[in-house]
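K.L.:
Sequence order for the protein chains is A and B. Everything in the first sequence is counted per this note's numbering, starting at 608 for the first residue and increasing by one. Everything in the second sequence is counted per this note's numbering, starting at 4 for the first residue and increasing by one.
Some hints here could point you the wrong way.
Stated by the list, open to error - Which stretches of chain B does chain A cover? Using the computed rule of at least three CB atoms under 8 Å from a CB of chain A, they are:
(1) 52-65
(2) 100-109
(3) 338-348
Stated by the list, open to error - Over 10 Å on every C-beta distance to chain A, these chain B residues come out as not near it, computed from the model:
(4) E20
(5) D176
(6) D217
(7) Q223
(8) E271
Don't read these hints as lab results, they were simulated from the structure. For glycine and all other residues, C-beta sits at the position ideal for the given N, C-alpha and C.
Chain residues, written in single-letter form:
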Amino acid sequence: MPKVTFIDADGTETTVAAKIGDSVMQTAMAHGIDGITAECGGAMACATCHAYVADDWADKVGPAGETEADMLDFAACEVKPTSRLSCQIVVAENLDGLIVYLPEHQV
Amino acid sequence: MPLAPVEDKVTITELVENPYPLYRRLRSEAPVCAVKAVGRVMLTKASDTRAVKDDPDTWSSDDPNTPMKRAFQAHTLMRKDGEEHKAERGAMMPTFSPRNLKTLWGPAYETFAGRYLDRLPRDEVVDLFPTLAGPLAARILAEILGLPEASDDDMQFWSQALIDGAGNFGWQDEPFERVDRAHMAMNALLEKNVDRYRAEPDQTALSVMINADDPIAWSQIVANIKIAIGGGINEPRDALLTVLYGLLTNPDQLDEVKRSGNWGAAFEEAVRWVAPIQVSARRATRDTEIRGIDLPKDTVVMTIQASANHDEDLFEDGHLFNALRAKNPHQSFGSGPHHCMGAHLARMMLGKIMLPMIFDRFPNMELVDPSSVVWRGFGFRGPLNLPVRLN
Ligand code: HEM
Ligand code: FES
Chain A
608 MPKVTFIDAD GTETTVAAKI GDSVMQTAMA HGIDGITAEC GGAMACATCH AYVADDWADK
668 VGPAGETEAD MLDFAACEVK PTSRLSCQIV VAENLDGLIV YLPEHQV
Chain B
4 MPLAPVEDKV TITELVENPY PLYRRLRSEA PVCAVKAVGR VMLTKASDTR AVKDDPDTWS
64 SDDPNTPMKR AFQAHTLMRK DGEEHKAERG AMMPTFSPRN LKTLWGPAYE TFAGRYLDRL
124 PRDEVVDLFP TLAGPLAARI LAEILGLPEA SDDDMQFWSQ ALIDGAGNFG WQDEPFERVD
184 RAHMAMNALL EKNVDRYRAE PDQTALSVMI NADDPIAWSQ IVANIKIAIG GGINEPRDAL
244 LTVLYGLLTN PDQLDEVKRS GNWGAAFEEA VRWVAPIQVS ARRATRDTEI RGIDLPKDTV
304 VMTIQASANH DEDLFEDGHL FNALRAKNPH QSFGSGPHHC MGAHLARMML GKIMLPMIFD
364 RFPNMELVDP SSVVWRGFGF RGPLNLPVRL N
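Between the sequences and the hints, there should be enough to build the whole structure, so can you do that?
P.N.:
What follows is the structure, given as structure tokens:
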């Protein structure tokens with residue numbers, strides 16, 4: 608199973624085993640990662656699953672799609688070029704080792 | 004597999020007075036249960052309510068046999084699915100963007116909040132429902148939607164008429180007649196304001212929708228402004244009264260929140276403790292099952308977020324208000340594609356602006372006789388009165 612590492616705003620790192628096909632948001636929820644709220648459950652309606660993809664992974668993960676970029680405007684913390692809605696990143700074999708940073712707050 | 008067990012004892016009057024004892028029992032004994040008094044299958048566990056709302060392919064928001072369509076004289080975005088829903092929701096979304104919240108609606112709310120607080124008398128008993136919570140929620144919504152001429156009373160009357168019409172499951176005449184009168188007034192004002200917003204566009208919902216590059220139909224613009232009127236006043240009103248009640252009856256928590264400044268957490272706890280919208284309906288688009296119970300196609304379930312918010316699997320002492328909870332994964336703003344469009348707005352108005360402001364002005368505010376506060380409601384729930392002494 609690919610590993611995903613979440614680094615929260617305090618710098619605390621948590622590495623978990625992710626299911627292929629799950630979103631990064633679902634992975635976080637399944638492992639009780641606090642920094643992701645995901646109030647709309649992945650419907651791209653809430654922007655409370657905001658995460659920053661680590662620079663080294665940004666190319667592999669790719670940028671936000673058009674609707675996603677619109678929705679990111681609703682994120683509570685600063686939106687950066689590496690910002691994504693984690694419900695829109697699907698875990699695949701080639702993302703093994705993925706690192707995402709979590710914003711200070713989601714609402 | 005078996006069909007849902009039937010609960011046929013509880014009455015609608017009991018549910019309106021206090022539905023929480025039934026929910027506690029259903030969570031432990033029958034989390035998927037047909038409740039005769041409401042003619043629906045209730046889902047009371049947090050994982051189930053959330054899973055249903057997060058699976059709109061299986062669970063449609065379109066429940067055709069309700070009085071809502073009659074009451075709204077239209078099929079609103081709340082009852083649509085898929086692309087159609089997305090298009091109508093997207094039409095109104097720009098109004099609620101973080102930039103507008105920060106630069107327009109936040110400052111406007113702050114001004115109105117200050118003005119409404121200035122009007123309140125000190126050192127005598129005053130009920131904050133009719134003097135503050137109701138009118139202020141109405142005022143800011145009128146401004147945001149693009150109906151600034153509507154008075155606080157107009158807005159509250161329209162909102163209540165829409166809610167009573169949509170909840171008129173007995174199909175009585177009076178609520179429909181009342182809401183029809185409200186429609187005449189709302190339609191007249193909307194039509195009147197169109198020319199002005201065409202000439203001078205701004206960020207209000209009406210202006211944004213009519214001036215879009217590819218606008219949705221006028222009938223839907225009107226219908227969705229009305230859904231916001233029906234769904235944008237009583238929740239912030241009830242949430243404000245609930246959070247004040249919670250803090251004033253728990254002075255230790257209030258002291259700690261004053262110290263930490265974490266008013267946002269107090270607001271979240273209030274909407275968890277007593278969800279302003281307690282239930283949401285969904286209809287099965289195919290034969291399905293939950294927890295081994297068969298739910299044939301077209302079964303309408305009530306996902307009870309009020310119960311999900313007290314679920315023992317997620318919350319310790321869920322029946323108690325505790326503004327200092329470490330985690331608060333409540334479902335009071337719903338989930339899935341219909342997640343509340345006003346959630347960020349409500350959080351800003353109450354958590355960021357109103358709570359610090361009211362306790363700064365009236366640091367020694369007291370609740371006069373907490374036992375006189377009356378709580379009501381099955382679909383929507385909140386206090387009917389909040390007598391305080393301000394000082
Ligand atoms: C504390 C305050 C509020 C609470 C607890 C609340 C709760 C909710 C809930 C539970 C839903 C989902 C209904 C469903 O799934 O069927 C919803 C939807 C909605 N809310 Fe709120 N609401 C609040 C404030 C507001 C405000 C201030 C507005 C202002 C415009 C608003 C506008 C809407 C709209 C338009 C929808 C329909 C969204 C859709 O169907 O796509 N709400 N709200
Ligand atoms: S979970 Fe709501 S946008 Fe990702």
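K.L.:
Indicate, hint by hint, whether the structure satisfies it.
P.N.:
Hints and how they fare:
no., hint, result
1, 52-65, "holds (count 4)"
2, 100-109, "holds (count 3)"
3, 338-348, "holds (count 7)"
4, E20, "holds, 30 Å"
5, D176, "holds, 37 Å"
6, D217, "holds, 15 Å"
7, Q223, "holds, 19 Å"
8, E271, "violated, 8 Å"
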